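Undergrad: Listed below, chain by chain, are the residues.
Protein chains: 2
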Amino acid sequence: MAQQYVDMDTLKFLLYRVHDLQTVLDQARYADYDQASVDLFLNATKDFSDKELFPFFREMDAAPAHFKEGEIIVHPQVEKYMKKAGEMGLIAALFDYEVGGLQMPNTVVSAAAYIQETANNHLPGYVGLTNGAAELIIHFGSKALNETYVPKMLTGDWGGTMCLTEPQAGSSLSDIITVAEQAEDGYTISGQKIFISGGDYREAENIVHLVLARIKGAPAGTKGISLFVVPKKRRTENGDLISNDVNTVGDFQKMGQKGYCTTHLSFGDEKDCKGWLVGEANQGLKYMFMMMNGARIAVGRGAAAITMAAYQASLAYAKERPQGRSLTRTGKKDVSQEQTLIINHPDVKRMLLFQKVVSEGALSLVLLTAKYHDLSTTHADPKEREKYLLLLEMLTPIVKTYPSEMGSVSVSNGLQVLGGYGFCTDFILQQYFRDIRIFPIYEGTTGIQSLDLLGRKVTMENGKGVLLLSEEIGKTIREALGIDTLAPYAKQLSGKLELSQEVLQFLIPFVKKGDYQRFLSDATVFMEFFGNIVVGWLWLNISIQAEKALVSGETQYTGDFYTSKIHAMKFYFKYELPKTTALAEILTNKEVLTVAEENSWFA
Amino acid sequence: MAQQYVDMDTLKFLLYRVHDLQTVLDQARYADYDQASVDLFLNATKDFSDKELFPFFREMDAAPAHFKEGEIIVHPQVEKYMKKAGEMGLIAALFDYEVGGLQMPNTVVSAAAYIQETANNHLPGYVGLTNGAAELIIHFGSKALNETYVPKMLTGDWGGTMCLTEPQAGSSLSDIITVAEQAEDGYTISGQKIFISGGDYREAENIVHLVLARIKGAPAGTKGISLFVVPKKRRTENGDLISNDVNTVGDFQKMGQKGYCTTHLSFGDEKDCKGWLVGEANQGLKYMFMMMNGARIAVGRGAAAITMAAYQASLAYAKERPQGRSLTRTGKKDVSQEQTLIINHPDVKRMLLFQKVVSEGALSLVLLTAKYHDLSTTHADPKEREKYLLLLEMLTPIVKTYPSEMGSVSVSNGLQVLGGYGFCTDFILQQYFRDIRIFPIYEGTTGIQSLDLLGRKVTMENGKGVLLLSEEIGKTIREALGIDTLAPYAKQLSGKLELSQEVLQFLIPFVKKGDYQRFLSDATVFMEFFGNIVVGWLWLNISIQAEKALVSGETQYTGDFYTSKIHAMKFYFKYELPKTTALAEILTNKEVLTVAEENSWFA
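In order, the protein sequence lines correspond to chains A and B.
The first sequence begins at 70 in the working numbering and counts up one residue at a time.
The second sequence begins at 70 in the working numbering and counts up one residue at a time.
FYI, nobody ran anything at the bench for these hints, they're computed from the structure.
Do not rely on the hints blindly, as some may be mistaken.
Copies of the same chain look alike in the list, so a pair counts if it works inside one copy or between any two.
As the list claims (entries may be wrong) - Capping the alpha-carbon separation at 35 Å, the derived lysine-lysine pairs in DSBU-like fashion look like this: (1) Lys-617 to Lys-137; (2) Lys-388 to Lys-292; (3) Lys-292 to Lys-152; (4) Lys-302 to Lys-402; (5) Lys-292 to Lys-149; (6) Lys-81 to Lys-560; (7) Lys-292 to Lys-137; (8) Lys-401 to Lys-648.
These numbers come from a predicted model, not from an experiment.
The following block holds chain A by itself, in its conformation from the complex (with noise of 0.2 Å):
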């Protein structure tokens, strides 16, 4: 057997019970699915990554993707992976049977791609992002974009990428120069990308760039972007692939998920790139943002993973480990005992208790979104879309940053679980902590998505998202205050919403008052704050199912599994939820200390 990587118990419950997997496969477009046939799929998944994504996560790491003479040189298993994950279906798991799916709800393509991240965070992003690519063909693409593309890139034998980041843009992307020129036969592209995952590498026949450029003479930012479909090789009209004038120039060597590739573009360097426009001119970055809450609430999906595997290498070590003894009454150790297990300590049960409420709310967090998303685009009601897509809309920036920082800080602890050792190569969690850092930055960095959530989210629909949201929490609340055991929990989330609502009443004003520096300055302590709210609520939730188990005597999992669910929400409640009451003491404060373009603060 493999090294444990995953907690498919875990996963299941939340999936299944907690989040009700049924309701979204009462809809029609799911018909051909039930929990049996999830299960084999999700159980094939699991198989599959045993086999085919953990062996290869360290030697990925060691030995990197890197640049050599014009091209990116991967690890095999790259291109083993695409192609083996084309047959299983997974790259058009999403996707209508009419273009070759498996019409699969988000939900469970999302679970089955985080038990492949949990395995190993550096391959399935190949995969992740020939699928967005190919959903923005499918999506907006004309018919024939789509019979040449498409298909190729389903069976993995083609990969794509996404092109945004421009050297001298950053995250601005209304500052991206990449140039589309009309030609005959469609339009010439020139231009320079950065950071670009899955770039390139040796084995693909063919890579489908989705490039973000500015058609001449189109509007300064964002209104002025289009998107092409530019492939690194072009067919000729007899069917032959030849070069489309796209060239690696050079990679980026990273800290962690190095074996995943990020490369800089070159296009058009001979004025031979030729790019095929999706959809209408200038509304690029639209049709990008369509995408991007799935790309958000992958990175998110990526980081509830790998904290998921940092805490199962943790708990693992914990219960192996004899060192040290147990305090007596004296206050002394008494070294004729025999040493303990490192568990035993309370100190280390602390640690492995946070990692357990970080890498399980997360994930619950993850499967909760990817419904709303399933919710919003296949309810029969139109209204209950609606009602979804805000949920979806609030929950996206949260569900891509709390598990990227809170991760980030839970694979920390759980390195300092090991000791020495955890800082050593010969272990894993060292791996796990280099990883996880990318992910505060992937798809717009945590200050960014703050900014997403409390300048827009909060604020959207004269802040209908916030009330809809409050209704689904005030929801697991009165169930809670209902269950004796959980009321006291239930009383103290209830003082939490209200906290939030005092916090926002606070910040609202500088809005009315035209002030967005002032209203934005403190977003990332106002994402801190609502996402411990938020997952605070998912472990009320959680307690909830586990407790109705307990009391009906259920037998599909153990009774120290649901009880271990219930005192993981105690855990979260006694030492996390309380954070809020700092940060919303931060939130509320009146100084103004970070806004104004004063560098002498730095003096």
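Starting from the known structure of chain A, arrange chain B on it as the hints suggest.
TA: Same frame as chain A, but now just chain B:
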């Protein structure tokens, strides 16, 4: 000029003005020093660091120290650095004139070590451990041991180490099993030691190991541990150096500090390893721990140094990198504006100010602790010495922990400032991020330091240490209350001091009931709580001196310099100090969730 890695102005302001080095220089032992000579020494150290440390920092990471055919291969600069440090008197700086030392204050030597550690944290450990090993021999060793070993160590020709950890014992020193057997001419040593920093390198003429071992028949536990000098090579009667059967059997490859070798040593494989007892039998741990305050301050100092260097690197980047635009009063960006520098984004300012308060606060803590160390050994009045010793004891676990833990968070923020570039090996932040992660583990993990703080230091002499420290904090509060602009912050800190009393009044009764497990179960949370308040005190103190300088129109530094210190204090009091509200809430929560030999919580 080398890249900026240290802020010499802040270092000197803290050293001379805030911590008033003169009170140390006034002690008889330091009669030969004044501020001018200290200044020369620090400037020379900075110059030395520019030339001999910083230029090798990144290459030592790129080409790690490693084990090869029974030897450890290190960067050639290690040998050069050791010899030059010896020539400059850095290894011997603390020691008495009569043994070849410079008889400098610990505070000054710490400042010099700090400068070096900001430049390159991989090299100073070689000197630090050689110094520590020599100190043990000087304090507790026989005349013969002194004559044989110390002179060669102080010139940097011979290295030194501390050999504590063994594979089966980890942090639990009572489980040490390395054996010393009485022989005709001393002892024969046999055993294994792991995680030995600077444990061996090919160029060293000799390495002098200070080894904890158990004399055959000694009592169990820590009472049966003795200290031995065990050189890699021993002298024959005619003065030749021959092998002493100390074998390097491997090394530990690490995530960071790769240039600082970490070795696995085996003593007496051929039963020909001789050791010489230091001081009396069974007193080894006591001797080792008399040096441990110094070692723990040194670890905190190293972490503070990395935190500072990372802050300087982030700040330089933020001042140069244009990206995005400031928000206008409509909440939108105006793309016709030029891009702004990222330092002008409030969230970036928040991250940089966080780095500033942690790095300078940690430095202030290091200098204060070193000052207490000096006064506890050199003050003319024995009562004062006793007072400073208790203050030193109180601060030691905090100075080890605050810079390590908060420094790690600060460096992570520093990496975030650079966005994607922060994760790339072309930029230095990711190296600081990896390097600093060992500091919460070195010389007693954060968990162990926290047990020391709450379990030993808070309770020692019926709480006299806490009382003395509270009195020192009280003095600062009273002074700040007298300055209008600072009075609100003084009141805030005063409230926190009261809060710490409430927390202790909740916790201490557990000791009285003999429930040590419960008393100490949240020791790490208490450490975070108490450390945060201590650094708040230091910031208030800094702001008093800055305010006085502004009022009196001092021109030693610019007005902006002083203003920036006051601004940083306000930042600390807005964003950091409130965290203690939540931590106190956790500490006084009655629920017990981590104490029990109970693994079902992880079912």
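Undergrad: Looking back at the hints listed earlier, which ones does the structure fail to meet?
TA: 1, 3, 4, 5, 7
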